[in-house]
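**Student:** Could you build all of it, start to finish, from the sequences and the hints given here?
Chains as they are written, first to last, in the working numbering: chain A, 381 to 636; chain B, 77 to 236.
These are computed hints drawn from the structure, not numbers from a lab. Not one of these hints is a red herring.
Part of the chain A face toward chain B, derived, beta carbon under 7 angstroms:
1. 434
2. 441
3. 442
4. 445
5. 446
6. 512
7. 524
Where is the CB? At the ideal position from N, CA and C, for every residue including glycine.
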Amino acid sequence: MTHSQEARPLGGAGSHTDAAELDSPLLPLADDALVLSHRLGEWAGHAPVLEEELALANIALDLLGQARVLYSELGDEDELAYLREERAFRNCQLVEQPNGDFACTMIRQLYFSAYQELLFGQLAELGNPLAAKAVKETEYHRDHAEHWTLRLGDGTEESHTRAQRATDALWRYTGELFEPLPGPAPVGAVDWGALRAGWTERITRVLRAATLTVPESPQSGAWTAGAGRQGLHTEPFGRMLAEMQHLHRSHPGASW
Amino acid sequence: MHDLTAVAGSVPDPELPVVTLAELGVLRSVREPTPGGPVEVELTPTYTGCPAIEAMAADIERALLEHGVTEVSVRTVLAPPWSTDDITSEGRRKLADAGIAPPRGGAAPGSGPVPLTLAIHCPNCGSTETSLISRFSSTACKALRRCEACREPFDHFKEV
Chain A
381 MTHSQEARPL GGAGSHTDAA ELDSPLLPLA DDALVLSHRL GEWAGHAPVL EEELALANIA
441 LDLLGQARVL YSELGDEDEL AYLREERAFR NCQLVEQPNG DFACTMIRQL YFSAYQELLF
501 GQLAELGNPL AAKAVKETEY HRDHAEHWTL RLGDGTEESH TRAQRATDAL WRYTGELFEP
561 LPGPAPVGAV DWGALRAGWT ERITRVLRAA TLTVPESPQS GAWTAGAGRQ GLHTEPFGRM
621 LAEMQHLHRS HPGASW
Chain B
77 MHDLTAVAGS VPDPELPVVT LAELGVLRSV REPTPGGPVE VELTPTYTGC PAIEAMAADI
137 ERALLEHGVT EVSVRTVLAP PWSTDDITSE GRRKLADAGI APPRGGAAPG SGPVPLTLAI
197 HCPNCGSTET SLISRFSSTA CKALRRCEAC REPFDHFKEV
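**Tutor:** See the structure below:
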């Protein structure tokens, strides 16, 4: 990709973001929220029904709000969102997966929102103000995804087939969610084992109620799955990022 | 000082203009550290990503400047998190009058134990026979419901 404007390297002269902040364990959480927000935003104008259009946009807005608060704590939010290269993003690979069909979007939503609710629940108890605020929102996101999972899994033969396909296909990206994020508290003090146990219990219960089979395949793979936190991303992420960053990079400082 | 709080608090919510920011419970503090000096306002968002917060800040600033204040800074605070319990009883009444079912819970100060009300009343006919259409509606803070008695759809300020 070539850009017309002068590159503003992160952590370089004139930058508002210190390089040290890029090692903060808050950055992966911010990136998760931003990337999933953008993916959900791609449904605008394409959702199956009007109510769902509003729901996905609302959830995307909550996630964008989380990302903005976290980025602001770390440095300049525009720099962090729009001027980092793919390898500098620390989001998990689950959230960058393409929307696919509606079942795929909803199972991704189920896996992620159940994780985020438990993570924010712990962070809220550890005294993080954003988590205390956002945990109540993620509860609505998780509830929404659970209802859809039940409807799709226990719906028609076609919806069941698609929901099971999504459940299986996205499973390999779930192991990464429970890899400890080293660093200072509160994120550094999270009990990842408890998080994993809580998530597994919840997801198993929802999938079974939806007549779906809980995958037995590995939750991460040696070849690609599960390295987003280290900056390795799946191929569709580069295209998503190019689209997301294009306007800001082409027209630096533009506003309306 | 109470005067400035009243001025800032009387600004209408940009998305729900029937209620003021004070009634919505999002205005946390109005301070004037040195008399006649800059005024510091603290606001809390209803939802983390609430897009109305910038409009609220601009409206508060304008109202205070019109009141003779020379400099205003508005800061957003997250803790303690806003809850629908922060909506005043007057705010609840105004929401209902505007056709928006107020959130459940949240007793008026001094009214004793919180009465447990599980049903959501239709703001149009008062029926408790209402059903959820969507958890997410025209703004982040509302859900969409329908009354089974009068068949009118209506917004419900969902509890957080």
